[in-house]
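Q: Build the full structure now, drawing on both the sequences and the hints.
If you want the building blocks of each chain, they are given just below.
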Amino acid sequence: MRERFASGFDPFVIPFLIGMAFVLGYCLFGMLRIWFQLPRKDRRKVVLSLITPKGIWKNVKDIFANCLLHVKLWKRNPVLGYMHSSIAFGWFMLIVLGHIEVWLFLPERLRLFYYPIFFNFFVAESESTIQGAVIFFLMDFFLLVVLSGIVLAMIKRVRSRIFGMRRTTNPSFLDRIGLYALWSIFPLRLLCESFTAHISGGSFLTLPMNWIFRQFLGNSMNALPTWWAYSIALGVFMCVLPFTRYMHIPAEMMLIPLRNAGLHILHPRKGFARLQFFSCPGCGVCIDACPMSAKKENIKDCTVYLNRQLRRGNEERIEQISDKCLLCGKCTAVCQVGVQGPEMRIAQRMLRRYAVNQHYTDIDPTKFVPEGGSSAKVLYFAGCMTHLTPAIGRSVRSVLDKAGVGFKMMDPDGGLCCGRPMMMAGRREQTRELIRINTDIIRASGCNTLLLSCPICYRIFKEKYSLEGIRVVHHSVYFDELIKQGRLKISGKTLRKLAYHDPCELGRGCGIYEQPRSAVSAVGTLVEAEKNREESICCGGSLGSLSLSYEKRKDITLASLRNLTVADPDTIVTACPLCQTTYGNYSEIPVKDIAQLIDDASK
Amino acid sequence: MDFGFSLSPSSAVNLDRTDMSLYEMLCDREPTARTCIGCGSCSATCTASAISGMSVRKVLLGIQRGQYREVEKMLSHCMLCGKCTMVCPRGVNTRHLILELCRLYGNSEGEL
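Heads up: the protein sequence lines correspond to chains Z and V, in order. The first sequence finishes on residue 603 if you use our numbering, and the numbering steps up by one all the way, no holes. The second sequence finishes on residue 1112 if you use our numbering, and the numbering steps up by one all the way, no holes.
Worth flagging that the hints you see were computed from the coordinates, not collected in a lab. No false leads were mixed into what you were given.
So, partial list: chain V residues that the calculated Cβ filter (under 7 Å) puts toward chain Z: (1) T1032; (2) T1047; (3) E1072; (4) C1078; (5) M1079; (6) L1080; (7) C1081; (8) G1082; (9) K1083; (10) G1091; (11) N1093; (12) C1102; (13) R1103; (14) Y1105; (15) G1106.
Sample of chain V residues at the chain Z side, in silico, Cβ under 8 Å: (16) T1045; (17) A1050; (18) I1051; (19) L1075; (20) M1086; (21) R1095; (22) L1099.
Quantities reported herein were computed from a predicted structural model and do not represent experimental measurements. Glycine included, C-beta positions come from ideal geometry on N, C-alpha and C.
A: Written as structure tokens, this is what we have:
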């Protein structure tokens, strides 16, 4: 390989250089801005996670698997996965191979930033080319891979259903410019390299094309304008990148280390949250996933649109979207980059200032401490929702009696709220006070196990209370243990088909999927809903939504019921009193709590 | 001079002179507030009622009668648990109503 131009420069590289300088400058500035928005404690956490070999390995592995190979997308839909990884990984390999070419043939040019990208323009084939044949082949191969991805991307614009997506986002104006620039980059590259293939060498793709072009194009005057076009396409793509959804490419690379360091969202516009909404690729997977999208008017309230509005700073819409969400967490469960929709919304709700602030300082915890001997080591906290569905509370107590478990009630005549609804409304101070009072009551009771029959309570007791030495357990898990230990005898196992619904707070919230299923299987025949476990659909009754009214929730509940009854069950079983009540309003078949089911079947 | 007793302020409600602006503002933000029939289901289930006498029914009545101090006391112990929303036969979104009222308080021209 030898150089064609002694200067190693041609003006056509300028658009590329401008784009590159702009995007690098923008990303560097953005990174620093986010870094300094993080609290000192979080920055320390990140630095500590980055200096251990284990931390570095995890970050490298995650970035490679998620940003280049798109492993999560492959699991979701292979065609969608191929489309993304072919473009991302193929492009990455073209850049890497370009650098290897320069390093092999003209190592002194490696310091020129643009050289590896436009290598074929600047060089001419010589006798030593045979060494490069493998690389030429690989270059053409990866170019073909990227081109196949681009073709799929074009098909996706027209028929998104092939890719397993019913609905997708409407790209904004700049998104479209970025999209068309991205689409044109690789066909242009193929043309450029084909025009110069007889000079600089090529392989199975570029050499035949070069031959075809030479049949009807007598001169090589076409080469330079095409290289100009290629450079301009690259420049345009990089100049609009910060204002389009393609910002997710650089942002995700920073998001992964920060997430691995265990950061939390504290402010909806700053630091970690800012990085999250820039990492949103706007793919719209969350639209199909969102239970609210059962009603068309709610589609614009999905997390992908929250991210868009946060980037635009549209305060009014941000407030509306934040209030409407059910906080079921399904968008996070399906999100490819792991944008935490519910946490962002809670952070937004935290910003609000109220004229009347609730306070509980005058509540005396000692008044709520349960009576009864200290022999009973299990403390049962029914919680607000179970008090509203007394049948569930009765069944829990009956099952405990049958199994011979000594217990006492924490709130026999109604106690205090666990604090989770306050937390979901973004009122941290009030949540903290409720947690403090409840902790005092639990500590004073002398128990070693806290039993809960409501997943809403269970989640906050698990996540936010510091109850060292006390086991916090949900009744579905506890009853499953009692059955397995043989303390609870199941007598009436039926052949009835039971569909189990994963409550949001218990499943996605706390990761409990198997124990309730095992308990249900002990009683009857378990059938699954169409979407289950991480992808179960919220019943629509969630306390997470502040502004959705009762009537507007009806369609959500009906859609969720349709999902639950695909296997034609005889009874719907859930582990949450709120889900039971919500389904009970509309379901044609009986809806039971797991406690009622076990109580009926045991002796 | 301490006589061992004092006069308590009048609790008479003059419906002609009460300011409905707070109620109207609330209804703008949470339209279901207008559909309340005052059945009292919310009062019966309320977690905070034992502590502060909280009752959404009374809150709605109170702001229409100008009893702002009483309403503020009731609101002060709400835990947003949502039982009132679940039992409401008219589908009043009580939690949103309470949060919006807590935000609006003080914006109103009524004496607070």
